[in-house]
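So the protein lines, in turn, are chains W and Y. All residue numbers for the first sequence refer to the working numbering, where the first residue is 1 and numbers rise by one. All residue numbers for the second sequence refer to the working numbering, where the first residue is 1 and numbers rise by one.
I should point out that these hints are in silico values taken from the structure, not numbers from a laboratory. Some clues are possibly wrong.
To spell it out: a stretch of chain Y is covered by chain W in this simulated footprint if at least three of its residues, at any positions, have a beta carbon under 8 Å from a beta carbon of chain W; those stretches are [said to hold, decoys possible]:
hint, stretch
1, 127-139
2, 195-204
3, 209-219
4, 239-246
Every residue, glycine too, gets a C-beta built ideally from N, C-alpha and C.
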Amino acid sequence: MDVMGYRADRESLVDALKSVYSLVAILVLWEVVGQLGLVHHYFLPPLSEVIDRFVVLTVSGQMLNAAVLTLQRAFIGLAIAAVFGVIVGILCARNAFVEWFFDPLIKIGYPVPIISLIPVFMLWFGIGDISKIIMVAVGTFWPVAVNARNSTRQVDKNLVWSARMMGTSDRRLLWRVILPAASPGILTGIQIAMPLSLIITFVFEMVAGGGGLGALEIAGVRSFRSEQVYAAIIAIMLIGIALDRLLRYARERLLAWT
Amino acid sequence: MATSTLWEAERVPAPFDRVARFAFDWLPLLIVALLWSFVSGAIVPEAILPAPLAVGAKMWELIVTGTVLPHLFISLVRVFLGLALSVVVGVALGVGMAQSDRLEDFFDILLALTYPIPKTALVPLAILWLNVGTKTAVLIVFLACLLPIILNANNAAEDVDQNLLWSAKMMGTDGRRLLWKVVFPATIPEIMTGVRQAMPIAFIALVSAELIASNQGIGYLILTSGQLGNYPTMFANIVIISAVAFAAVRGFEELRERVIVWT
Numbered sequence: 001m002d003v004m005g006y007r008a009d010r011e012s013l014v015d016a017l018k019s020v021y022s023l024v025a026i027l028v029l030w031e032v033v034g035q036l037g038l039v040h041h042y043f044l045p046p047l048s049e050v051i052d053r054f055v056v057l058t059v060s061g062q063m064l065n066a067a068v069l070t071l072q073r074a075f076i077g078l079a080i081a082a083v084f085g086v087i088v089g090i091l092c093a094r095n096a097f098v099e100w101f102f103d104p105l106i107k108i109g110y111p112v113p114i115i116s117l118i119p120v121f122m123l124w125f126g127i128g129d130i131s132k133i134i135m136v137a138v139g140t141f142w143p144v145a146v147n148a149r150n151s152t153r154q155v156d157k158n159l160v161w162s163a164r165m166m167g168t169s170d171r172r173l174l175w176r177v178i179l180p181a182a183s184p185g186i187l188t189g190i191q192i193a194m195p196l197s198l199i200i201t202f203v204f205e206m207v208a209g210g211g212g213l214g215a216l217e218i219a220g221v222r223s224f225r226s227e228q229v230y231a232a233i234i235a236i237m238l239i240g241i242a243l244d245r246l247l248r249y250a251r252e253r254l255l256a257w258t
Numbered sequence: 001m002a003t004s005t006l007w008e009a010e011r012v013p014a015p016f017d018r019v020a021r022f023a024f025d026w027l028p029l030l031i032v033a034l035l036w037s038f039v040s041g042a043i044v045p046e047a048i049l050p051a052p053l054a055v056g057a058k059m060w061e062l063i064v065t066g067t068v069l070p071h072l073f074i075s076l077v078r079v080f081l082g083l084a085l086s087v088v089v090g091v092a093l094g095v096g097m098a099q100s101d102r103l104e105d106f107f108d109i110l111l112a113l114t115y116p117i118p119k120t121a122l123v124p125l126a127i128l129w130l131n132v133g134t135k136t137a138v139l140i141v142f143l144a145c146l147l148p149i150i151l152n153a154n155n156a157a158e159d160v161d162q163n164l165l166w167s168a169k170m171m172g173t174d175g176r177r178l179l180w181k182v183v184f185p186a187t188i189p190e191i192m193t194g195v196r197q198a199m200p201i202a203f204i205a206l207v208s209a210e211l212i213a214s215n216q217g218i219g220y221l222i223l224t225s226g227q228l229g230n231y232p233t234m235f236a237n238i239v240i241i242s243a244v245a246f247a248a249v250r251g252f253e254e255l256r257e258r259v260i261v262w263t
């Protein structure tokens, strides 16, 4: 199975056909079932209508607007969490006092199903962009911090000692030894946090509105336009695939030396 | 007599030491709680940030009077059904894809396409199909947990020690017995790792579904008590679901250590 990416060695056409026939079959089946009316139109509108709706929403700019809103919220929140998470994580691993203070908080905070705090953030910060961004930042902080902490702890002691022995200053030690050595783990944390940032944004948009792909979807449900729900999910899928690729590519480029 | 007191003197501090250690380790939480109680009322209105003691009292009240129990029960049923379903389907698919090229060719691309979708984005679709309620929540939990379990089961089944398989075959084990007696047991540790990874996801999926599409369950209670301005209840329910999620994960880890004794 190869969920993680394309198989590079797919050479023959037969193999390529083998790998996509199921998708084609399902899409054709979807269209046929929809056209014949075997399933109620509301549950499963024909694929052509979904694509039609997708094109209409895209051309009118609505889809793009919604996607930009959602991605903005998710990314600003994730960026804030990445900065604070990495700082706290590294400090936890390097400083006994910070470790003492934050370890129990992380133990308690990490398992909280973060989505359950959405009503709290609505109460504290309202339902606007700020509220969503802070929520994403708080929710994605934990995986980033935990992974940064664990990977910093696992940095080879000999590396640190050797650098010290050669007279490396604290700052240079951090930038030249610890951060590079911990970066694979830090990137893993961000990779875990990225889908979470989207999950938080979608659900917040569904609960509180304010535009974005989540709001677009739930509006489709409320106005009984199921094509719109499917069209929004297709957009979400494309974004998800693109981001997944992007992170993999970034990992390969940034960590080429590992 | 003297030796006995000496022995006592040496022995007594040990538990105290452990208590002191425990208190020292968890002191930061107490500091945060004290800070929280100070901020609540003094800086932020108590309505917006109820003091920890008020939240604790509310929790106690909700549990003792039993008002929260039916909701907690339905939430647990949903998360359990969704997770159990994803284990059954996920293990069957994961092991099946490792055993059969045809299954792999069929599902490979479908999984590659659905893998990057945050599953909570499918809540509106689930509402379309199943309306608001338990079925929707179970479906979302199921979908959210399915992929990590398939991945772990598949990796494990592909990595089963060839020597084991050859030995079993040499001793005349046929296909079905091979699957049940050799392949499945060998994959159990990794399947349990998959379940462990899926558990926090299951609770996130559960609460998402209950916030958006439910009229029962803890998620629903959190949302409605927030909308009604009943903030202590809202906070109390958040603490309850977090504690349950934490206990479920810890309990499963304990279970895993007891079950997997052969590795």
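Status of the hints after comparison with the structure:
Residue count for the stretch 127-139 of chain Y with a Cβ under 8 Å from a Cβ of chain W: 3. That meets the three needed, and the coverage hint holds. Restraint check on the stretch 195-204 of chain Y versus chain W: 3 residues with Cβ-Cβ distances below 8 Å, three needed, restraint holds. Three residues within the 8 Å Cβ limit are the bar, and the stretch 209-219 of chain Y against chain W gives 4, so the coverage statement holds. Counting residues of the stretch 239-246 of chain Y whose beta carbon lies closer than 8 Å to any beta carbon of chain W gives 4, which meets the minimum of three for the stated coverage.
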